[in-house]
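Numbering-wise (our numbering), the sequence shown opens with residue 45 and increments by one.
Check each hint, because a few of them may be wrong.
Label-pair ranges, simulated between beta-carbon atoms [said to hold, decoys possible]: (1) Thr329 - Gly304: 18 to 26 Å; (2) Gly177 - Asn82: 21 to 29 Å; (3) Thr273 - Asp100: 31 to 39 Å; (4) Arg317 - Thr169: 52 to 60 Å.
If you are wondering where the hints come from, they were derived from the structure by calculation, not from laboratory data.
If you're wondering where the values come from, they're calculated on a predicted model, not measured in any experiment.
Where is the CB? At the ideal position from N, CA and C, for every residue including glycine.
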Amino acid sequence: MKGASIALLSLFALASSAFASPATAPIPETLTWTGAVNTDWYNAGNWSGAHAPDGDDHAIIANTGVTASITGSTPTIGRLTVQSGATVHLSNVGLIVSGDVDLLGTMTSSTTGDRLDCSGDLNVTATASYQAGGELIELNGAGTMSISSGATPSPRVRVVSGARSCGSATVSEFYLAGGTFELSDNSTLTVNGPANMQAGVLNFATVGGNFETIDVNGDWLLSGTVLGTTSTQSRVYVSGDWLANTPFSMANGNVYLDGGDADIKGTMPEFHRVQLTSGVKTLMTDVSIT
Numbered sequence: 045m046k047g048a049s050i051a052l053l054s055l056f057a058l059a060s061s062a063f064a065s066p067a068t069a070p071i072p073e074t075l076t077w078t079g080a081v082n083t084d085w086y087n088a089g090n091w092s093g094a095h096a097p098d099g100d101d102h103a104i105i106a107n108t109g110v111t112a113s114i115t116g117s118t119p120t121i122g123r124l125t126v127q128s129g130a131t132v133h134l135s136n137v138g139l140i141v142s143g144d145v146d147l148l149g150t151m152t153s154s155t156t157g158d159r160l161d162c163s164g165d166l167n168v169t170a171t172a173s174y175q176a177g178g179e180l181i182e183l184n185g186a187g188t189m190s191i192s193s194g195a196t197p198s199p200r201v202r203v204v205s206g207a208r209s210c211g212s213a214t215v216s217e218f219y220l221a222g223g224t225f226e227l228s229d230n231s232t233l234t235v236n237g238p239a240n241m242q243a244g245v246l247n248f249a250t251v252g253g254n255f256e257t258i259d260v261n262g263d264w265l266l267s268g269t270v271l272g273t274t275s276t277q278s279r280v281y282v283s284g285d286w287l288a289n290t291p292f293s294m295a296n297g298n299v300y301l302d303g304g305d306a307d308i309k310g311t312m313p314e315f316h317r318v319q320l321t322s323g324v325k326t327l328m329t330d331v332s333i334t
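Whenever a hint applies, use it, and build me the whole structure from the sequences.
Below is the structure:
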């Protein structure tokens, strides 16, 4: 009888465990920076939810007059909004955002290497200032990119992976190191320094009928990026040198070499139409015009 009782209890325990509620994932929260205690990002008393954001939380840095300083370790959060007038400071760390970043305020850092990583949409407004140690904003995953020409200074941006579309954006340097980057219809990517096309695919929108433009006020450095879709409205302006170590073949659209004296060198480019607007261009390689 005793053995039967033990067997019955064991069966009951198994049945109970089978119907037990599964562990639930933490629910993302929206947490607003108050800076009520000090400048420490990780101090729970500085946040509206009484804990520092992590996981999929949305961190809103309000303009409280108190800088949110991140030190010690790199946090990962779900979304970041830095309001106009507010500041986030990185001190020997980065900041990883798995979703969208809306930068209306300021981001600074103590050292080179302190970097913002964004896997969602990136929106930088005219009131923003990205001064994170001269480092790039690194974009992973799918999303959009919009950076106002009024943002001072213009950030440096590197696209690493995923499919990313670009509305109008102004950057100080641009790196395409992977993934797919597409210029949307009626958009302009202005690069105030060099454009480093290292890998991935560069597409121009083929619907809409308006111009899609890349305007490079420095050198065009092509070492691995493949040129994908283009249209008759696709335009590339380059003010500096044209250096290609891999083929550049533009089936339609226009290339304008519009700066001062510059060199065209490396692997032979294949242009549909090219226009030399100023300066002396020195051909150090063959050029094909289709």
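Quick rundown of the hints versus the structure:
Between threonine 329 and glycine 304 the C-beta distance comes to about 20 Å, which sits within the given range of 18 to 26 Å. For the pair glycine 177 and asparagine 82, the supplied restraint of 21 to 29 Å holds, since their beta-carbon distance comes to about 23 Å. For threonine 273 and aspartate 100, the hinted distance range of 31 to 39 Å is satisfied, since their beta carbons lie about 34 Å from each other. Between arginine 317 and threonine 169, the C-beta spacing of about 36 Å breaks the proposed range 52 to 60 Å.
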